[in-house]
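Peer 1: Below are the chains, spelled out letter by letter.
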Amino acid sequence: DTEVTQTPKHLVMGMTNKKSLKCEQHMGHRAMYWYKQKAKKPPELMFVYSYEKLSINESVPSRFSPECPNSSLLNLHLHALQPEDSALYLCASSHPNKRHTEAFFGQGTRLTVV
Amino acid sequence: DAKTTQPTSMDCAEGRAANLPCNHSTISGNEYVYWYRQIHSQGPQYIIHGLKNNETNEMASLIITEDRKSSTLILPHATLRDTAVYYCIVRDFLLNTGNQFYFGTGTSLTVIP
Chain A
1 DTEVTQTPKH LVMGMTNKKS LKCEQHMGHR AMYWYKQKAK KPPELMFVYS YEKLSINESV
61 PSRFSPECPN SSLLNLHLHA LQPEDSALYL CASSHPNKRH TEAFFGQGTR LTVV
Chain B
1 DAKTTQPTSM DCAEGRAANL PCNHSTISGN EYVYWYRQIH SQGPQYIIHG LKNNETNEMA
61 SLIITEDRKS STLILPHATL RDTAVYYCIV RDFLLNTGNQ FYFGTGTSLT VIP
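Chains A and B supply the protein sequences, listed in that same order.
Each residue of the first sequence is one higher than the one before, counting from 1 in my numbering.
Each residue of the second sequence is one higher than the one before, counting from 1 in my numbering.
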């Protein structure tokens, strides 16, 4: 199983809502990532978790709150978002301490903030 | 991680080889070259990676120049399904931080029937 599964596929939320994005993998990867991708732009790294601990936060606003409850799951909690936060949110995973290894990406959650 | 430069867009006739160049003149000795592609609205897909030797797999070949300052991804027989944005990424390995990737702007490849 080389899949990274993201749910939901699409999400529409208001600026006062609280919602969560979910990412799951069963490849035994102990590094997981969140990326944000705006239309016609490359993916931008947001957060890195290594062994369930946050290791990199790329200066992401606090209205985005990541959580890694176990080695297979990664959540992104959303609160008080702005319309400009509308984007494709991608999750990825990899081995944190193996050279010669790639990261696997999910298909993303298309988020629209209204 | 070293910066990469790729052409913004390229066309390729279906059935012909697609050669996608990437410049990474500031690459250091420990940095690997990775290629990913992203078909419209899907997640990025790993293609191939290498350090200094040429590499081949079922999807593509990667040719890295001897000085490692540039590389070329070759799709030997392009199909319409190869239409995508192709990202060349150069990165060092950081133990226990993971294999996070920083994406550049990529090359938008269009395969023409």
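In case anyone wonders, no lab produced these hints; they're calculated from the structure.
Don't take each hint at face value.
[Claimed, not checked] Computed list of lysine-lysine pairs in DSSO-like fashion (alpha-carbon distance at most 27 Å, straight line):
hint : chain 1 : residue 1 : chain 2 : residue 2
1    : A       : K19       : A       : K40
2    : B       : K69       : A       : K41
3    : A       : K98       : A       : K53
4    : A       : K40       : B       : K3
5    : A       : K41       : B       : K3
6    : A       : K38       : A       : K19
7    : A       : K22       : A       : K38
8    : A       : K53       : B       : K69
9    : A       : K38       : B       : K52
10   : A       : K98       : B       : K3
[To be verified] Label pairs and their computed distance ranges (CB to CB):
hint : chain 1 : residue 1 : chain 2 : residue 2 : range
11   : A       : K53       : B       : D92       : 15 to 23 Å
12   : A       : R63       : B       : S28       : 31 to 39 Å
13   : B       : S41       : A       : S65       : 22 to 30 Å
14   : A       : T112      : B       : T105      : 36 to 44 Å
In this text, a Cβ means the ideal position worked out from N, Cα and C, and glycines have one as well.
Peer 1: Each hint needs a verdict: does it hold in this structure or not?
Peer 2: So, going through the hints one by one against the coordinates:
1. K19(A) / K40(A): This hinted pair holds, its Cα atoms lying about 25 Å apart.
2. K69(B) / K41(A): Roughly 25 Å between the alpha carbons, so the hint for K69(B) and K41(A) holds.
3. K98(A) / K53(A): 18 Å, holds
4. K40(A) / K3(B): 20 Å, holds
5. K41(A) / K3(B): 16 Å, holds
6. K38(A) / K19(A): Since the Cα atoms of K38(A) and K19(A) sit roughly 19 Å apart, the hinted pair holds (cutoff 27 Å).
7. K22(A) / K38(A): Holds: K22(A) and K38(A) sit about 19 Å apart, inside 27 Å.
8. K53(A) / K69(B): At roughly 35 Å apart (the allowed maximum being 27 Å), K69(B) and K53(A) break the hint.
9. K38(A) / K52(B): Violated, because 33 Å separates the two Cα atoms, which is more than 27 Å.
10. K98(A) / K3(B): Judged against 27 Å, a Cα distance of about 23 Å means the pair holds.
11. K53(A) / D92(B): 15 to 23 Å: Since the Cβ atoms of K53(A) and D92(B) sit about 21 Å apart, the hinted range of 15 to 23 Å holds.
12. R63(A) / S28(B): 31 to 39 Å: Holds: the Cβ-Cβ distance is about 36 Å, inside 31 to 39 Å.
13. S41(B) / S65(A): 22 to 30 Å: Given range 22 to 30 Å: holds, Cβ gap about 26 Å.
14. T112(A) / T105(B): 36 to 44 Å: About 24 Å separates the Cβ atoms of T112(A) and T105(B), which means 36 to 44 Å is violated.
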